[in-house]
Amino acid sequence: MENSLYKGVYVFAEQRNGEIQKVALELIGKARDLAADLNEKVYAVLLGHNIASQAQMLIEHGADVVICADAPELENYLTEPYTQAMCHIIDQHKPDIMLIGATTTGRDLGPRVSARVATGLTADCTKLEIGEDKHLLMTRPAFGGNLMATIVCKDHRPQMSTVRPGVMQSLEADAQRQGEVIMAEVPFETKKFKVKLVKSVKEKSNKIDISEAKILISAGRGVGCCDGLKLVKELAETLDAQVSASRAVVDCGLVGHDQQVGQTGKTVRPDLYFAAGISGAIQHLAGMEESGYIVAINKDKFAPIFQVADLGIVGDARQILKQLNDRLRN
Amino acid sequence: MNIVVCIKQVPDTTEIKINPVTGTLIRDGVPSIINPDDKAGLELALRMKDQFGAHITVITMGPPQADNALREALAMGVDDAIHLTDRKFAGADTLATSHALAGALRNLSCDLIITGRQAIDGDTAQVGPQIAEHLDIAQVSYLRKLDYDGKGTFTIERTVEDGYEILETEAPCLVTVLSDAYPSRYMTVKGIMEAYAKEVKVWGFNEIEVKEEVLGLKGSPTKVHKAFSRGVKAAGELYELDTDEAVGTIISKLKEKFII
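Top line first, the protein sequences correspond to chains E and A.
For the first sequence, our numbering begins at 1 and goes up steadily by one.
For the second sequence, our numbering begins at 1 and goes up steadily by one.
Hints are not guaranteed to be accurate.
[What the hints assert, rightly or not] BS3-like, lysine-lysine: derived pairs with alpha carbons at most 27 Å apart:
| hint | chain 1 | residue 1 | chain 2 | residue 2 |
| --- | --- | --- | --- | --- |
| 1 | A | Lys151 | E | Lys194 |
| 2 | E | Lys94 | E | Lys154 |
| 3 | E | Lys41 | A | Lys223 |
| 4 | A | Lys88 | A | Lys201 |
[Unchecked claim] With the Cβ distance kept under 10 Å, some of the chain A side facing chain E (calculated, not the full set):
| hint | residue |
| --- | --- |
| 5 | Asp123 |
| 6 | Gln126 |
| 7 | Ser141 |
| 8 | Glu165 |
| 9 | Ile166 |
| 10 | Ala227 |
| 11 | Ile250 |
Please keep in mind that the hints were generated in silico from the structure rather than gathered at the bench.
For each residue, glycine too, the CB sits at the ideal point set by N, CA and C.
Use the sequences and the hints to build the structure in full.
Here it is as structure tokens:
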């Protein structure tokens, strides 16, 4: 493969119900850094139906070029039509790098596309940079976050990578930014469409997006499941914060999976992360260590959480939570 | 109906600890388990068998000790087990792994291929969809529920960020299952006894239909450039105080940081 034929940093601009997902803007933000190092352009790939009007927003957030496939086949996400569209665009435009959000859509689409175009895909990268030889260095946690690995894809293009929401940072929108929009016509092979969407069901839940929270009070095994959790909730209320939890607490069923922080849960970076009774299994640390200020309370002074905490308190999390809450309320 | 479940034996990553002095992984004594999402996949297959009389084959790719994972699946009630193992498969990334598995699956008649959504040691969620692509069949990932009409049509609930989708597809297809979708049954005593008497087929490169150049380290487009234990952030302050003082310290720090 002649790598030099492949140019540009591409981002899959995921939309759901016509709304551009935040992760797409975050990836465009990262793509700008990479493109600057490579002296290449940032391309956003926008797939959907009646969607072209969203292109401007992608440009305002940092895309130089938007490649848009607007077709009824792309109305809702389905693996095969989206794979065909992506592969067509890859074939026509020859991207050097393709970044995809690690959402349920991106993690369904990414591997299918990578297998079809026979290139590598690195999942859930937490760091992306350009190496000395101009290859993309993709760093990700492995072994449940116990180890970090930097992956390269030297001989295949595009270099594909997925990144979780919340890991990269988007740029401020600049309404003055100009860019180009290219409309793509995808020659769909409809006989390969084997999956039919019967309906999409929105689950109205009190789902809180912990990755958006400014302050998180996070419960671990050390506060226990029932009454300890109540203390955590009370403190969260006092500080106008949200509650998150480690896997141990989520597994006991009292906190929803959408509130789990860590490798199998969410990546968070609040201004304050307050870890109560969390020992800090590495997969937990992987999800929160970028937080602005980390307070940790744990009985065990050797708990790994103290390796990332800005303020560590060796002590009983329940007692401290209770008294802290009392004093803050008065 | 013929169902094939792809499973992986993984180290129980929640049991892995880091040596606080050297910062390296302590892997000794870490138990190996069937990957949780895959176990839910086994349970889904077994329920299909209970209801529709399916024949279930379980397959894994891995080193010799992965035999244990296959025995466990046999003890849960699957009918056949295949252990894919060969030096030529070693060092594979997800794409090369998917080629080996797809090569083995081409030898089997499958109406439904089930994999876990992702494995807890890699967390990539890539191998399932990549297998489906090589076999040129439909995929539905993030499955939380599957219904079968008994005539070849599957109705599947797929979890997404803001709810779920109801999708319909026909056999053959590949699904990737979430661990909490189907809490797995226990092995039976009879099952355990029989599992060790049953034959596990061992297949290597010569038994599967795939080109050698797409396998193993050589066939892997991605390579590990370097691996390292995560850098320890500059340690903060650590205090051992009584509750009263501890609370005071927290409050003054949070004030200092303008958080409260």
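Check each numbered hint from earlier against the structure, then list the numbers of those it violates in ascending order. Violated hints: none; all satisfied.
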